[in-house]
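S.K.: Sequence:
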Amino acid sequence: MNVPDRVDLTDSAAAMLRQLRVRHGELMFHQSGGCCDGSSPMCFAQGDFLTGDADAYLGDLSLGDGAVVPFWMSKAQYEYWKHTHLTVDVVTGRGAGFSLEAPEGVRFLIRSRLLTDDEVVDLRAAGVL
Numbered sequence: 001m002n003v004p005d006r007v008d009l010t011d012s013a014a015a016m017l018r019q020l021r022v023r024h025g026e027l028m029f030h031q032s033g034g035c036c037d038g039s040s041p042m043c044f045a046q047g048d049f050l051t052g053d054a055d056a057y058l059g060d061l062s063l064g065d066g067a068v069v070p071f072w073m074s075k076a077q078y079e080y081w082k083h084t085h086l087t088v089d090v091v092t093g094r095g096a097g098f099s100l101e102a103p104e105g106v107r108f109l110i111r112s113r114l115l116t117d118d119e120v121v122d123l124r125a126a127g128v129l
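For the sequence shown, our numbering assigns the number 1 to the initial residue and increments by one for each residue that follows.
No wet-lab data here; the hints were simulated from the structure.
Fair warning: there could be bad hints in the mix.
[Stated by the list, open to error] Label pairs and their calculated CB-CB ranges: (1) V128 to G25: 24 to 30 angstroms; (2) G97 to V121: 29 to 35 angstroms; (3) A76 to R23: 28 to 34 angstroms; (4) T116 to G47: 16 to 22 angstroms; (5) D118 to D60: 35 to 41 angstroms; (6) V91 to D118: 26 to 32 angstroms; (7) S12 to R124: 29 to 35 angstroms; (8) H24 to V120: 34 to 40 angstroms; (9) D11 to S112: 17 to 23 angstroms; (10) E79 to V121: 16 to 22 angstroms.
We treat Cβ as the ideally placed atom computed from N, Cα and C, and that holds for glycine.
Turn these sequences into a full structure, and let the hints guide you.
M.R.: Below, the structure written as structure tokens:
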């Protein structure tokens, strides 16, 4: 069975993450679902944000150079997004102050689409959805 990816990223987001990785080391994403910037994906150095039982692991984002960035979401937020495929993108503009890209004059954001019927079947069969 082929389990579909839950989360992916654009080439421009991967390029920004590679730059941030040089400066900050291993990275991770977390999306909390809070108001305002809290609902944006936040990029942290590995270990600077602790995940726990209230978080869902959606998968690793491949940077194309062998490195990966794990993506986590609060379980409460995941309940709203569980039927979507997420794509991390980067755009010009000011984002959340705690996210590592903020000083670069860009911000990460999520683009989403509904999962296809086949993806839903495969994810349910894998016990992921």
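S.K.: All hints are to be evaluated individually against the structure, with a verdict given for each.
M.R.: Here is how each hint holds up against the structure:
Here the CB-CB span from V128 to G25 is close to 29 angstroms, well matched to the stated 24 to 30 angstroms. For G97 and V121, the hinted distance range of 29 to 35 angstroms is not satisfied, since their beta carbons lie about 41 angstroms from each other. A beta carbon spacing of about 31 angstroms between A76 and R23 agrees with the range 28 to 34 angstroms that was offered as a hint. One distance hint, 16 to 22 angstroms for the beta-carbon pair T116 and G47, is violated here, with the actual separation near 36 angstroms.
A beta carbon spacing of about 22 angstroms between D118 and D60 contradicts the range 35 to 41 angstroms that was offered as a hint. Range check, V91 to D118: about 30 angstroms between beta-carbon atoms, so the 26 to 32 angstroms window is met. At about 32 angstroms, the beta-carbon gap between S12 and R124 stays in the expected band of 29 to 35 angstroms. Against the hinted window of 34 to 40 angstroms, the Cβ-Cβ separation of H24 and V120 comes to about 36 angstroms, which satisfies the hint.
Evaluation of the 17 to 23 angstroms hint for D11 and S112 yields a pass: the beta carbon distance comes to about 18 angstroms. Checked against the hint of 16 to 22 angstroms, the pair E79 and V121 passes, with Cβ atoms roughly 20 angstroms apart.
In this structure, the earlier hints numbered 2, 4, 5 are contradicted, and the remaining ones agree with it.
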